[in-house]
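Each chain, letter by letter, is given below.
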Amino acid sequence: MTLYISEKAKLGKNVHVGINSIIEANAEIGDNCFIEENVIIRSGTKVGKSTTICANSIIGEHLMDFYSNHQSKHQLEIGENSLIRSGTIIYSNTRIGDNFQTGHHATIRENCQIGNHVSVGTYTDIQGYCQIGNYVRFHSNVFVTQHSIIDDYVWIFPHVVFTDDPIPPSNYGLSIHIHSYASVAAGSLLLPGVELGEHCLVAAGAVVTKDVPPYKLAIGNPAKIEKDVREIIDKETGEKAYPWPERFSRAMPWEEQ
Amino acid sequence: MTLYISEKAKLGKNVHVGINSIIEANAEIGDNCFIEENVIIRSGTKVGKSTTICANSIIGEHLMDFYSNHQSKHQLEIGENSLIRSGTIIYSNTRIGDNFQTGHHATIRENCQIGNHVSVGTYTDIQGYCQIGNYVRFHSNVFVTQHSIIDDYVWIFPHVVFTDDPIPPSNYGLSIHIHSYASVAAGSLLLPGVELGEHCLVAAGAVVTKDVPPYKLAIGNPAKIEKDVREIIDKETGEKAYPWPERFSRAMPWEEQ
Amino acid sequence: MTLYISEKAKLGKNVHVGINSIIEANAEIGDNCFIEENVIIRSGTKVGKSTTICANSIIGEHLMDFYSNHQSKHQLEIGENSLIRSGTIIYSNTRIGDNFQTGHHATIRENCQIGNHVSVGTYTDIQGYCQIGNYVRFHSNVFVTQHSIIDDYVWIFPHVVFTDDPIPPSNYGLSIHIHSYASVAAGSLLLPGVELGEHCLVAAGAVVTKDVPPYKLAIGNPAKIEKDVREIIDKETGEKAYPWPERFSRAMPWEEQ
Numbered sequence: 120m121t122l123y124i125s126e127k128a129k130l131g132k133n134v135h136v137g138i139n140s141i142i143e144a145n146a147e148i149g150d151n152c153f154i155e156e157n158v159i160i161r162s163g164t165k166v167g168k169s170t171t172i173c174a175n176s177i178i179g180e181h182l183m184d185f186y187s188n189h190q191s192k193h194q195l196e197i198g199e200n201s202l203i204r205s206g207t208i209i210y211s212n213t214r215i216g217d218n219f220q221t222g223h224h225a226t227i228r229e230n231c232q233i234g235n236h237v238s239v240g241t242y243t244d245i246q247g248y249c250q251i252g253n254y255v256r257f258h259s260n261v262f263v264t265q266h267s268i269i270d271d272y273v274w275i276f277p278h279v280v281f282t283d284d285p286i287p288p289s290n291y292g293l294s295i296h297i298h299s300y301a302s303v304a305a306g307s308l309l310l311p312g313v314e315l316g317e318h319c320l321v322a323a324g325a326v327v328t329k330d331v332p333p334y335k336l337a338i339g340n341p342a343k344i345e346k347d348v349r350e351i352i353d354k355e356t357g358e359k360a361y362p363w364p365e366r367f368s369r370a371m372p373w374e375e376q
Numbered sequence: 120m121t122l123y124i125s126e127k128a129k130l131g132k133n134v135h136v137g138i139n140s141i142i143e144a145n146a147e148i149g150d151n152c153f154i155e156e157n158v159i160i161r162s163g164t165k166v167g168k169s170t171t172i173c174a175n176s177i178i179g180e181h182l183m184d185f186y187s188n189h190q191s192k193h194q195l196e197i198g199e200n201s202l203i204r205s206g207t208i209i210y211s212n213t214r215i216g217d218n219f220q221t222g223h224h225a226t227i228r229e230n231c232q233i234g235n236h237v238s239v240g241t242y243t244d245i246q247g248y249c250q251i252g253n254y255v256r257f258h259s260n261v262f263v264t265q266h267s268i269i270d271d272y273v274w275i276f277p278h279v280v281f282t283d284d285p286i287p288p289s290n291y292g293l294s295i296h297i298h299s300y301a302s303v304a305a306g307s308l309l310l311p312g313v314e315l316g317e318h319c320l321v322a323a324g325a326v327v328t329k330d331v332p333p334y335k336l337a338i339g340n341p342a343k344i345e346k347d348v349r350e351i352i353d354k355e356t357g358e359k360a361y362p363w364p365e366r367f368s369r370a371m372p373w374e375e376q
Numbered sequence: 120m121t122l123y124i125s126e127k128a129k130l131g132k133n134v135h136v137g138i139n140s141i142i143e144a145n146a147e148i149g150d151n152c153f154i155e156e157n158v159i160i161r162s163g164t165k166v167g168k169s170t171t172i173c174a175n176s177i178i179g180e181h182l183m184d185f186y187s188n189h190q191s192k193h194q195l196e197i198g199e200n201s202l203i204r205s206g207t208i209i210y211s212n213t214r215i216g217d218n219f220q221t222g223h224h225a226t227i228r229e230n231c232q233i234g235n236h237v238s239v240g241t242y243t244d245i246q247g248y249c250q251i252g253n254y255v256r257f258h259s260n261v262f263v264t265q266h267s268i269i270d271d272y273v274w275i276f277p278h279v280v281f282t283d284d285p286i287p288p289s290n291y292g293l294s295i296h297i298h299s300y301a302s303v304a305a306g307s308l309l310l311p312g313v314e315l316g317e318h319c320l321v322a323a324g325a326v327v328t329k330d331v332p333p334y335k336l337a338i339g340n341p342a343k344i345e346k347d348v349r350e351i352i353d354k355e356t357g358e359k360a361y362p363w364p365e366r367f368s369r370a371m372p373w374e375e376q
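Residue numbers (the numbering used here), protein chains in the order written: chain X, 120 to 376; chain Z, 120 to 376; chain V, 120 to 376.
Be aware that a few hints might be false.
Unchecked claim - List time: in silico SDA-like cross-link candidates among lysine to any residue, alpha-carbon distance up to 25 Å:
(1) X:K335 <-> X:D270
(2) Z:K192 <-> X:N151
(3) X:K343 <-> X:K354
(4) V:K168 <-> V:Q232
(5) Z:K192 <-> X:S169
(6) X:K329 <-> V:P341
(7) V:K343 <-> X:K354
Claimed, not checked - Residues from chain V shown here face chain X by an in silico Cβ test under 8 Å; the list is partial:
(8) I138
(9) N200
(10) L202
(11) Y291
(12) W373
Treat the hints as calculated values from the structure; they're not laboratory data.
Virtual Cβ for every residue (Gly too), placed ideally from N, Cα, C.
Please construct the entire structure, taking both the sequences and the accompanying hints into account.
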């Protein structure tokens with residue numbers, strides 16, 4: 120078995136490292152971590168205890184400055200009890216909380232602040248400089264522009280696309296802000312600078328061209344904002360479907376154990 | 120040359136295994152298989168004869184239960200004469216027929232039943248628990264929700280997005296059923312629970328909010344269902360374009376050799 | 120440290136090759152190239168000087184004919200000063216100019232001619248047989264059909280989808296032609312055979328069903344073409360936003376140093 124663990128890397132107790140994995144100098148791996156095969160952990164990465172990093176992932180990917188002088192000077196922090204699935208790439212100079220999860224081939228760029236209990240799906244592409252709260256869930260193939268702000272308990276479903284440029288190409292970057300408990304359904308498109316209010320719902324396939332007030336539904340292309348989400352009925356139960364935390368608790372802090 | 124083939128793996132005759140590939144215990148590789156470099160074949164995987172597995176693929180990816188006890192107990196079966204292109208990830212506990220193909224970085228999750236002559240394109244993401252017939256073709260970057268049912272000879276073009284949740288987030292999963300010979304054009308979005316009838320056509324960019332009857336065309340956002348596909352004319356020939364099997368045979372069983 | 124460099128590969132001066140990388144016979148690597156870990160460079164690939172190839176990339180990927188006889192006979196050329204980010208797959212039988220860049224997990228297929236200063240974003244999928252000019256920028260997750268023609272200084276933003284089949288499935292392939300200085304905003308869909316004129320703008324989320332004349336704006340689903348782009352005002356400056364080269368120069372040849 121061939122391993123490439125730098126003598127200057129710091130491994131905790133009971134760490135498993137798979138075949139052909141590379142752990143560079145000044146990486147710190149917490150106790151009970153499980154690292155599969157062909158993983159690259161770059162210098163300056165700190166991984167919390169009991170985290171799993173699956174095959175072919177690159178953790179602490181180089182920023183652009185590396186390619187001019189081949190020196191790494193950035194740091195990445197990933198919390199405890201996380202599960203980084205195979206093929207994930209996470210840049211350095213980012214900080215991620217505990218109980219983090221990714222799908223396959225996800226990419227997360229530099230200068231992000233990501234809270235606890237966040238999940239980033241397969242092929243989701245977070246472009247960097249984002250502030251992401253706790254219990255935020257990105258499903259598969261979401262595109263998140265730089266400088267996005269996403270508060271707690273936000274759901275972003277597959278193939279949602281953020282934008283930030285009102286007159287492409289330009290040097291502007293109008294950031295999107297999604298407030299807590301908002302839910303953005305699959306295949307919707309968010310135009311530059313829109314703000315989605317607390318508990319709002321963006322319908323599948325909507326093209327959101329202006330702010331969505333709290334508790335409102337945005338639907339269509341371009342999206343119309345009329346209905347209050349509290350008027351939407353769960354057809355199975357005949358009861359109100361929103362605010363969703365009143366009927367949905369899976370993996371949320373209010374879940375009964 | 121470094122190889123990591125378990126002594127408990129079972130390799131057929133004339134199997135090529137590339138540099139740095141890992142074949143775990145209780146994997147079975149059929150005669151004349153060609154396995155490129157950096158491939159991981161997990162325990163419990165059975166690959167039919169004359170199948171090619173390209174570089175950086177993970178075949179028999181762990182299910183969630185692996186991460187609690189680090190024991191593999193599932194099985195994956197892939198048929199003969201298949202071509203798994205580089206970067207593909209296929210979970211265990213799935214069964215795939217013969218003459219299967221994938222594009223690059225495709226992901227196929229657990230508990231799928233996939234027939235013969237199926238093709239899954241680059242970045243396509245099949246979320247698991249799906250029933251997929253024979254001669255089904257997924258082009259690039261299709262998102263397929265759990266529990267989808269797709270019959271034979273169905274075509275799904277690039278960036279088609281399935282959905283399953285009528286009141287996101289919820290614990291519902293309204294599955295989509297696509298009947299034989301249906302064709303779903305690029306960039307369309309299928310809302311939860313819709314059923315697409317035999318020989319129907321979903322136009323590019325359509326947002327399908329209700330069932331499409333057999334032989335009907337769905338077009339627009341939200342999709343309108345009016346025209347019969349048998350009224351559509353092939354502009355090149357001046358003849359009827361549908362049902363498509365009457366004019367198209369490439370790689371289909373009715374192709375003349 | 121384990122390296123797999125063929126004795127028949129030709130490496131220039133001061134080439135760095137990372138752990139576990141494979142360089143096959145008849146590959147040529149220019150002076151001062153930097154090749155990270157787990158890279159595969161196939162036979163017949165020629166890489167210009169001062170190019171960086173990041174981890175887990177496959178450069179010179181096999182065409183379909185390889186899988187019948189396991190012989191490589193194609194050639195790939197990549198220019199100088201390029202940066203191929205991790206997880207990229209580039210097929211052989213393609214030619215790419217200088218100052219090329221890719222994002223992560225990008226895929227570029229065979230028989231493409233790509234000019235200088237081109238950038239191909241994360242998850243972007245170029246299907247082959249394309250002619251791409253100079254200073255063309257594909258952002259993340261663009262799908263480009265075979266035989267597309269894209270002239271100089273064209274911008275294609277995230278999740279833009281090209282199509283080529285007017286009666287899917289068929290053997291037609293109506294190619295898309297995008298003229299110089301056109302800008303195609305995020306999440307738009309281009310129907311088969313459309314031609315986008317010089318300096319035109321396709322708005323985010325548009326479904327383009329017919330040709331867009333030079334300097335026109337296409338917006339909506341289906342896209343309407345009415346306004347001239349020279350009527351669009353940059354809200355920050357109060358000045359005309361288009362033609363964009365009059366106000367935007369970053370990384371363009373007219374940028375003042």
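A quick look at each hint next to the structure:
no.	hint	verdict
1	X:K335 <-> X:D270	holds (17 Å)
2	Z:K192 <-> X:N151	holds (22 Å)
3	X:K343 <-> X:K354	holds (23 Å)
4	V:K168 <-> V:Q232	holds (19 Å)
5	Z:K192 <-> X:S169	holds (22 Å)
6	X:K329 <-> V:P341	holds (20 Å)
7	V:K343 <-> X:K354	violated (37 Å)
8	I138	holds (6 Å)
9	N200	violated (10 Å)
10	L202	holds (6 Å)
11	Y291	violated (27 Å)
12	W373	violated (13 Å)
Going down the numbered hints, you'll see the structure goes against 7, 9, 11, 12, while the others check out.
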